[in-house]
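As numbered in this note's numbering, residues 108 to 163 make up the sequence shown, in order.
Simulated from the structure, these hints should not be mistaken for laboratory data.
Hints are not guaranteed to be accurate.
Claimed, not checked - Quick list of the computed label-pair ranges, beta carbon to beta carbon:
#1 Asn-147 - Ser-117: 25 to 31 Å
#2 Ile-111 - Ser-146: 33 to 39 Å
#3 Ser-134 - Ile-111: 31 to 37 Å
#4 Gly-144 - Ile-121: 32 to 38 Å
#5 Glu-135 - Asp-155: 21 to 27 Å
No residue lacks a Cβ here, since even glycine has one placed at the ideal position from N, Cα and C.
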Amino acid sequence: MKNILFAVASFVIIVSIVLNFGISDESEYKMCLGAQGISNTIAKVFGDETTNACNE
108 MKNILFAVAS FVIIVSIVLN FGISDESEYK MCLGAQGISN TIAKVFGDET TNACNE
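Throw the hints in and build the complete structure from the sequences for me.
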(Lines of atoms letter the chains of each structure in order from A and count residues from 1; the text may use other names and numbers.)
(Lines give C-alpha, C1' and ligand atoms only; values in the text may rest on other atoms or scores of the structure.)
Protein backbone atom coordinates (compact mmCIF):
# COMPACT_ATOMS: atom_id res chain seq x y z
CA MET A 1 0.00 0.00 0.00
CA LYS A 2 2.85 2.41 0.82
CA ASN A 3 4.43 1.73 -2.58
CA ILE A 4 1.20 2.66 -4.37
CA LEU A 5 0.87 5.88 -2.37
CA PHE A 6 4.51 6.73 -3.06
CA ALA A 7 4.03 6.12 -6.79
CA VAL A 8 0.89 8.28 -6.89
CA ALA A 9 2.58 11.07 -4.93
CA SER A 10 5.61 10.97 -7.24
CA PHE A 11 3.39 11.10 -10.31
CA VAL A 12 1.48 14.11 -8.96
CA ILE A 13 4.71 15.95 -8.16
CA ILE A 14 6.19 15.27 -11.61
CA VAL A 15 3.00 16.36 -13.40
CA SER A 16 2.79 19.55 -11.33
CA ILE A 17 6.41 20.41 -12.16
CA VAL A 18 5.82 19.87 -15.88
CA LEU A 19 2.65 21.97 -15.82
CA ASN A 20 4.39 24.69 -13.84
CA PHE A 21 7.08 25.05 -16.51
CA GLY A 22 4.42 25.19 -19.23
CA ILE A 23 2.47 27.89 -17.45
CA SER A 24 5.68 29.72 -16.70
CA ASP A 25 6.63 29.85 -20.40
CA GLU A 26 3.16 31.03 -21.35
CA SER A 27 3.14 33.84 -18.78
CA GLU A 28 6.64 34.87 -19.85
CA TYR A 29 5.43 35.10 -23.45
CA LYS A 30 2.42 37.20 -22.38
CA MET A 31 4.70 39.58 -20.47
CA CYS A 32 6.92 39.83 -23.54
CA LEU A 33 3.91 40.69 -25.70
CA GLY A 34 2.88 43.42 -23.27
CA ALA A 35 6.36 44.94 -23.24
CA GLN A 36 6.56 44.64 -27.02
CA GLY A 37 3.24 46.49 -27.36
CA ILE A 38 4.52 49.37 -25.23
CA SER A 39 7.78 49.44 -27.18
CA ASN A 40 5.97 49.42 -30.53
CA THR A 41 3.69 52.26 -29.41
CA ILE A 42 6.71 54.37 -28.47
CA ALA A 43 8.38 53.45 -31.77
CA LYS A 44 5.31 54.60 -33.74
CA VAL A 45 5.33 57.94 -31.91
CA PHE A 46 8.97 58.53 -32.86
CA GLY A 47 8.57 57.13 -36.38
CA ASP A 48 10.75 54.06 -35.85
CA GLU A 49 10.01 50.55 -37.10
CA THR A 50 8.07 48.21 -34.84
CA THR A 51 9.59 44.93 -33.68
CA ASN A 52 8.39 41.36 -33.29
CA ALA A 53 10.97 40.24 -30.72
CA CYS A 54 8.77 37.75 -28.84
CA ASN A 55 8.50 35.41 -31.82
CA GLU A 56 12.23 35.30 -32.51
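Quick rundown of the hints versus the structure:
Checked against the hint of 25 to 31 Å, the pair Asn-147 and Ser-117 fails, with Cβ atoms roughly 45 Å apart. Distance hint for Ile-111 and Ser-146: a CB-CB separation of about 53 Å, inconsistent with the stated range 33 to 39 Å. Checked against the hint of 31 to 37 Å, the C-beta distance between Ser-134 and Ile-111 comes to roughly 34 Å, which is consistent with it. A hinted range of 32 to 38 Å for the beta carbons of Gly-144 and Ile-121 is consistent with their spacing of about 36 Å.
The beta-carbon spacing between Glu-135 and Asp-155, approximately 25 Å, falls within the hinted interval of 21 to 27 Å.
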